[in-house]
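Chemist: Residues per chain are reported as follows:
Protein chains: 2
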Amino acid sequence: MAARTHTFQPPKGTRDFYPQDLAVRRYIESVWREVSINHGFEEIDGPTFEHLDLYTAKSGPGIVSELFSFRRAGGDVDYALRPEFTPTLARMYAAQAGALPKPTKWFSIGPFFRAERPQRGRLREHIQWNLDIIGDESVAADVEIISAAVSALQALGLSPKNIQIQISDRRVMETILLDEGISDPTHQEEVYILLDRRSKLSREEFAWEAGKIGLSKEFITHLDKTIDFVQGHHYSVALQQMFPGDAEVHHVLFELMVELESLDLSQWVQVDLGVVRGLAYYTGTVFEIHETSGEERAIAGGGRYDNLVELFGGPPTPACGFAMGDVVLRLVLEDRGLLKAAQECAPRPDAFVISAGKDEAEKQFRPLVAKLRREGLHARHSYRSTRNVGKLLGEAAKARARFAVILGDELKDGPPWRVVVKDLDSGKQENVKLDDLATMLRERQKQ
Amino acid sequence: MAARTHTFQPPKGTRDFYPQDLAVRRYIESVWREVSINHGFEEIDGPTFEHLDLYTAKSGPGIVSELFSFRRAGGDVDYALRPEFTPTLARMYAAQAGALPKPTKWFSIGPFFRAERPQRGRLREHIQWNLDIIGDESVAADVEIISAAVSALQALGLSPKNIQIQISDRRVMETILLDEGISDPTHQEEVYILLDRRSKLSREEFAWEAGKIGLSKEFITHLDKTIDFVQGHHYSVALQQMFPGDAEVHHVLFELMVELESLDLSQWVQVDLGVVRGLAYYTGTVFEIHETSGEERAIAGGGRYDNLVELFGGPPTPACGFAMGDVVLRLVLEDRGLLKAAQECAPRPDAFVISAGKDEAEKQFRPLVAKLRREGLHARHSYRSTRNVGKLLGEAAKARARFAVILGDELKDGPPWRVVVKDLDSGKQENVKLDDLATMLRERQKQ
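Note that the protein sequences, when read in sequence, are chains X and C.
The numbers in the numbering used here rise by one with no breaks, and the one at position 445 of the first sequence is 445.
The numbers in the numbering used here rise by one with no breaks, and the one at position 207 of the second sequence is 207.
These are computed hints drawn from the structure, not numbers from a lab.
Check the hints yourself; a few may be wrong.
Derived, one-sided and incomplete: chain X residues facing chain C with beta-carbon distance under 10 Å [to be verified]:
hint, residue
1, Arg25
2, Val35
3, Glu42
4, Ala57
5, Ala73
6, Val143
7, Gly157
8, Ser159
9, Ala370
10, Arg374
11, Gly376
12, His381
13, Trp417
14, Asn431
15, Lys433
16, Asp436
Cut-off 25 Å, straight-line C-alpha distance, at most; resulting in silico cross-link-like pairs (PhoX-like, lysine-lysine) [stated by the list, open to error]:
hint, chain 1, residue 1, chain 2, residue 2
17, C, Lys102, X, Lys102
18, X, Lys161, C, Lys398
19, C, Lys446, X, Lys446
20, X, Lys371, C, Lys102
21, C, Lys12, X, Lys391
22, C, Lys446, C, Lys358
23, X, Lys102, C, Lys217
Here are some chain X residues the structure puts well away from chain C; computed CB gaps all over 12 Å [said to hold, decoys possible]:
hint, residue
24, Ala94
25, Glu116
26, Val150
27, Gly181
28, Thr292
The C-beta atom is built at its ideal place from N, Cα and C for all residues, glycine as well.
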C-alpha cells in the first residue's frame, strides 16, 4: 500500500478545492457570470473534451504536444481535453448560424487543460471565463468586450492602479513587417510568436532570438524603438508620429482608443504594439490584461478572429472575444487581500435546532430539522451527544446561525407545540408556535 | 474541408449546451446547490482527471475499459477522466482527515465521464451531484442523505407519485447468500452484479444468467420469492417474516425505515432487497432512486461505504453518500413539463437603452449603457441601425426589459441631462435626471 501512496495525490498541476478554495472559485465565477449577464451575454457550454481535429484544424499539428489527447480503449477516434473554448464556440456557432441572432453574445465558464509544465500562474487544469460577440464587425464590439472585462475587474476590487489593458491591432505590426519585406505568413507568424514572448526576455535574449529567425540588427532596433515610443506616449500622438501619412494602418486601433476614452476607460488602457497574442487566428484587435508590476503572467487575453467560424464550416462571420483564467487572477486578488471576504463568507444558517433533551424534544428534533430543510430553509443541528443548551448555543453561534430554535420545557404543555427562538445577533428570545416557525424564519430571511 | 466536416460535431455521447439547455442545467445545479447548503453541506471539487490508479485501486483493473484514460505526450503517468467522485472525495478526506470536523458534510457538482456506448439516459459526459457524510456511522447519517435527496426531488417538482426510493442493506443479501453457502467474496460480487441488472432482465434471462454463475434453480426461485415478497409488503411485516428470530440481520435497515417514517418520508421509500448497487465498495445501506414507471435508468444511487477512506490512506472512517446525474433527471423532468419555466426564464434586463437619434443622444448612448453595466445593472441596447423609437421599444419588450431608457428630446435642454424612463410592465413614463438613473433602477430592481 505504502508504495502506491504517491498516486493518492491530485495529478501534478491540478487542484483539490476544499470548501474555502471552492468558495473563492464560486465567488470569482459568480462575478464573471453576473457581469456577463449585465452586459447582455447568454451562457453556453460545450463538451469537456473534443475531437482532436478541432484543435489541429485551427492551430496545426504543433499544438498536439500541448494537449492531453486520448482514445477510448478499442476506439479509433482521437480526442483532446479542451485547451481553450474558441474552437468549440466557433463549431457551435457554425452549426446553428442561420438560426442565431446577429450579433450573438455568448459567455461560458468551465475547466480547461494544458499539458505543459506547471509553473506560477499556469496549471494543467484551470477555470476560464470566455466572452464573445459573434457577427459584429464594428469596433463597438471590441469596445464592448473590453468594457465587460473592466466591469469584472472592477467588481472584483481591482483598479487601473493594479491593472493595465494593453491593446494593439495585428495589422499595425503586419504593416511594420511588410515595410521590412517580411511578407511570408509563416515568417510573420514566427515574429509574432517571438514578440509574444518579448516581455519575458531581456533585450539581449530578444535580440539573439530575433537574429535566429532572420531579423536584421537594424530592424530589431527599429522594432524596439517603435514599441517603446508608442508605449511612452498618448496613442493620438504616438500612432500619428509612427505612421505619418498612413492613417489607414491604425484607424481601427485609433477609433477603438477614442471609443474606450468616451466610456471613461482611458485609465485602464494603453496601446502596446508588442502585444500580438501567440495564437494564429487573430485578425485585428488584440489585447492582454496584466497586473501593473508585470510580475505575473497575463490575467486575460483576447481579440478579433474574423475567419474562425468559416474555418469550422459556418458562413463568413466576424467575431471577437477574450478569455480570463482563474489562476493568475487569484494570485493578483490574493496579493491584494481581495479574497478574504469570499473565503470567510460561508452561507449563513437560518436556524440551528437544539434539543434540550426531554422525551418530546428528542422525538420532534430531527423531524423539525428535516421539515425546515424541505421548506427551503438552511437548518443545522449538532452532531454531538450533549444536550447542554449553553454548549449547543455556542455551537450555533460558531456556525453563524441567524436563529437558534430550542426544543425545551415549553413542549411539556402539549400541542399546539411551542419552541423558543433566539435571535443570535440581538440575543432576543421569543416563544413561537411550531406551526408558525418556518414562515417566521422565511420572513426574517428577507430582512 | 468537406471530408473533415464529421469532426466538427461534439464527440459522441457529449452535449453542446446552447443558452436554453444551459439555463436548464444551471437551474438543476442551483436546486442541487441550494438543497445541499440548506442541509448543512459544504461544496468541494477535485480535478477533472485523476491518476488512473485511484480508480483501479478501488475497483480493480476491470474498470479501465469503462474509463477514458490517457498519458501526456512523452509522459509516463496514466490518467483517467473521473468516472465518479467518491474516490476523489475519499482521497481528499484522507489527506486532511485530522483537521476536518466530524462529521464532514461535503457536496460537489461537476462533469463526469464514462467510455461506454451512449444510450437513453446514459451519456459519455454528464453532470453529477455528489452528497456525502464522512465520519458518522449512525443510521441518522443514512437518513440525512436520503432526506436531502427527497428535498431536491421535491424542489424540482417531483413527488412520490413519480418517484420511488428503493432501499436495502447489502448485509441482508449477504446473509441470504451465506445461508446458501455462497461465502467467497468474488462469487458474492458476481451475484451482486447480476442482481444489479435484475430489473433490466426478464425472469428467464435472469434465471439463465444466474445459472451461469452457479446458482441453483431452487435458490433462484427462493431469491425471486424473497425479493418479491419484501417488495409487496410493509417492511415491518416483510423483514420479520423473512428473517424470523434473526432481527440482527436487518436491524439497521429496519431502524432506517422507522426513522424515514418519522420524517414523514414513508411515501417516498420502499425496501427492495434486489437493490445492491454494482460498485464493490458499498458496505451497508444501499439505495436507488427511480422514476415509478421503471422505464428510465436510475436517477440516483448511493449507500454506505465504511472502508473507502482507509483504502486511500486515511484512518478507518465510516461514510455514506449518493450521486445524482443530470441526464435521467432531465428526461424525467422534461416528460412531466417541469423544465419549461427554467427554459424560458432568461435573466430580465433592468434597462433597455434607446437613442432617439439626435446628436447629444448618440454621444451619450454607449457611455450610458457602459456606466449602468459597471454599476452592476443589466443593461441592453439594440444592435440595429434604426433610431425609430417605436421599433426599439418593441425590441425592448421582446428582450423582456423592466424599463426602457429613452435618450430623446429632453437632452436638447442641456445639463442636468434628463431622460425618459418607461416602465414596460405598467406602461408608465417618467422624466428622470441622468445622475439619478442608476439609483432609481437599482431601487426598482428590489421591488
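Chemist: Does the structure break any of the earlier hints, and which numbers would those be?
Modeler: Hints 7, 8, 13, 14, 15, 16, 17, 18, 21, 22, 23, 24, 25, 26 not satisfied by this model.
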